[in-house]
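One line per chain: the protein sequences are F and B, in this order. In terms of our numbering, the first sequence is residues 14 to 236. In terms of our numbering, the second sequence is residues 8 to 188.
I should point out that these hints are in silico values taken from the structure, not numbers from a laboratory. Accuracy of the hints is not assured; some may be wrong.
To be verified - Computed spacing ranges between beta-carbons, pair by pair:
hint, chain 1, residue 1, chain 2, residue 2, range
1, B, Thr142, F, Ser192, 29 to 35 Å
2, F, Gly146, B, Lys170, 39 to 45 Å
3, F, Glu188, B, Thr142, 39 to 45 Å
Unchecked claim - Rough simulated footprint, nothing fancy, chain B against chain F, three-plus residues with beta-carbon under 8 Å:
hint, stretch
4, 23–32
5, 44–56
6, 201–207
Each residue gets a CB set at the ideal place from its N, CA and C atoms; glycine is no exception.
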Amino acid sequence: MNCLDFRRTVAAEPARESAELSEHLLSCAPCAEFAQQMRSLDLRIERALRVPVPERAERLPARASSTWAPRRWALAASVLVAVAAASVVWLAFPRASLAKDIVAHARHEPESWAAQAPEIPRSALAYILRDSGLGADRQLGPVSYARSCWFRGHFVPHLVVQDQGEPVMVLVLTEETVSGRTPFVEEGYSGVIVPAHRGSIAVLAPDGERADAVASRVLQALE
Amino acid sequence: MNQSTEGRERLERFDELCRALRPDLFRFAFWLSRDRTLAEDIVQETLLRAWRARDELRDERAVRAWLCTIARREHARLYERKRLPVVDIDGLIAREEPMLAVTDEAELEDLREAIFRLDDDYREPLVLQVLLGYTTEEIAQHMGLSTAAVLTRLFRARNRLRKIVAGQRDDMASGVRIESR
Chain F
14 MNCLDFRRTV AAEPARESAE LSEHLLSCAP CAEFAQQMRS LDLRIERALR VPVPERAERL
74 PARASSTWAP RRWALAASVL VAVAAASVVW LAFPRASLAK DIVAHARHEP ESWAAQAPEI
134 PRSALAYILR DSGLGADRQL GPVSYARSCW FRGHFVPHLV VQDQGEPVMV LVLTEETVSG
194 RTPFVEEGYS GVIVPAHRGS IAVLAPDGER ADAVASRVLQ ALE
Chain B
8 MNQSTEGRER LERFDELCRA LRPDLFRFAF WLSRDRTLAE DIVQETLLRA WRARDELRDE
68 RAVRAWLCTI ARREHARLYE RKRLPVVDID GLIAREEPML AVTDEAELED LREAIFRLDD
128 DYREPLVLQV LLGYTTEEIA QHMGLSTAAV LTRLFRARNR LRKIVAGQRD DMASGVRIES
188 R
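All chains, please: the whole structure from these sequences, using the hints.
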């Protein structure tokens, strides 16, 4: 086997093993290095191909036949039990758990908190909002970070809005409702949760006043 | 065991298989279509079609290849049905940026973009081989090609990606970050 054949084979099938390949590998240092590079490249390709799988793709086919019905009822019953259990916990620890979860989420993504970070393209912001059936106009201001984040069983838009040169975090919680404006201070973070047309909006800011101002702006900007 | 119990168990088994394979199926659909929304549509339609045709599946070991084949047809059908416009790669990359930029490692992000830019003919066999572990013969069967054609496409795909990665390394070594977008 010559070097060209070896390289063509290895580049097409890096995992392939044969006596011919081994023999060439042992006798040709540059080709051995090439094979090593290919294996390393393949590991990176595999990592690159493993894009995150959205939650929606984890659901069963929506139009699957009625044979699913007993399963759906079983699921509905288990959801009811879970909701009842969660309600007991919720009543025992009023609204603190939501604020805690919001702060925990913010701490989990410290890279989002860069001050004066550049504005992301509007298309990227629109993409994230569209995923939750939302849109926004320019009143939202410069957004430096936008991701669909897994929060309490749903993907929610996690945005960072730059306000007076400082980052303010916004979570659009379409599945969480609050009865009224709910300010909180949690682990040194000031925030507010406000009712929205769909669910609520949580804002974490350097101070409560700023949180209220941004919340009001986000409420107006989201469609 | 009565017929309804047997039927239910079969359905549950089918459901389990689909759940287990859905991530792979989504990723395959994503790299085929290069669009998350389209990928989700493809997965949904694939599972629906698989569900309807479940009696055709005789060997559970073949379920992944079977689903991928349905997904591939569904992808082609979707393009035909929607008469999707010619793909603008820069636009696609901008649109899928949040999906591509899931890691802090810039190199991996650039590699995803490079895979995005590969021709469909090169990208699909690479995804089947690297992500789904298909053999060259299985890829050939799946794509209706000869094994020699598959090997050529795999060689070219990796060669392009290798050059891009090597280019980035050279640029980083000289303190310049490649701007390929």
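Each hint, compared with the structure:
1. Distance hint check for threonine 142 (chain B) and serine 192 (chain F): the Cβ-Cβ separation is about 59 Å, which falls outside the suggested range of 29 to 35 Å.
2. Separation of glycine 146 (chain F) from lysine 170 (chain B) is about 42 Å and conforms to the stated range, judged on CB atoms against 39 to 45 Å.
3. For glutamate 188 (chain F) paired with threonine 142 (chain B), a C-beta distance near 44 Å keeps the hint of 39 to 45 Å intact.
4. Evaluation of the coverage hint for the stretch 23–32 of chain F: fulfilled, as 4 residues show C-beta separations to chain B shorter than 8 Å, against a requirement of three.
5. Coverage of a stretch by a chain is defined here by at least three residues with a beta carbon nearer than 8 Å to that chain's beta carbons; for the stretch 44–56 of chain F and chain B the count is 4, and the condition holds.
6. Counting residues of the stretch 201–207 of chain F whose beta carbon lies closer than 8 Å to any beta carbon of chain B gives 0, which falls short of the minimum of three for the stated coverage.
Hint compliance for this structure: hints 1, 6 are broken, all remaining hints hold.
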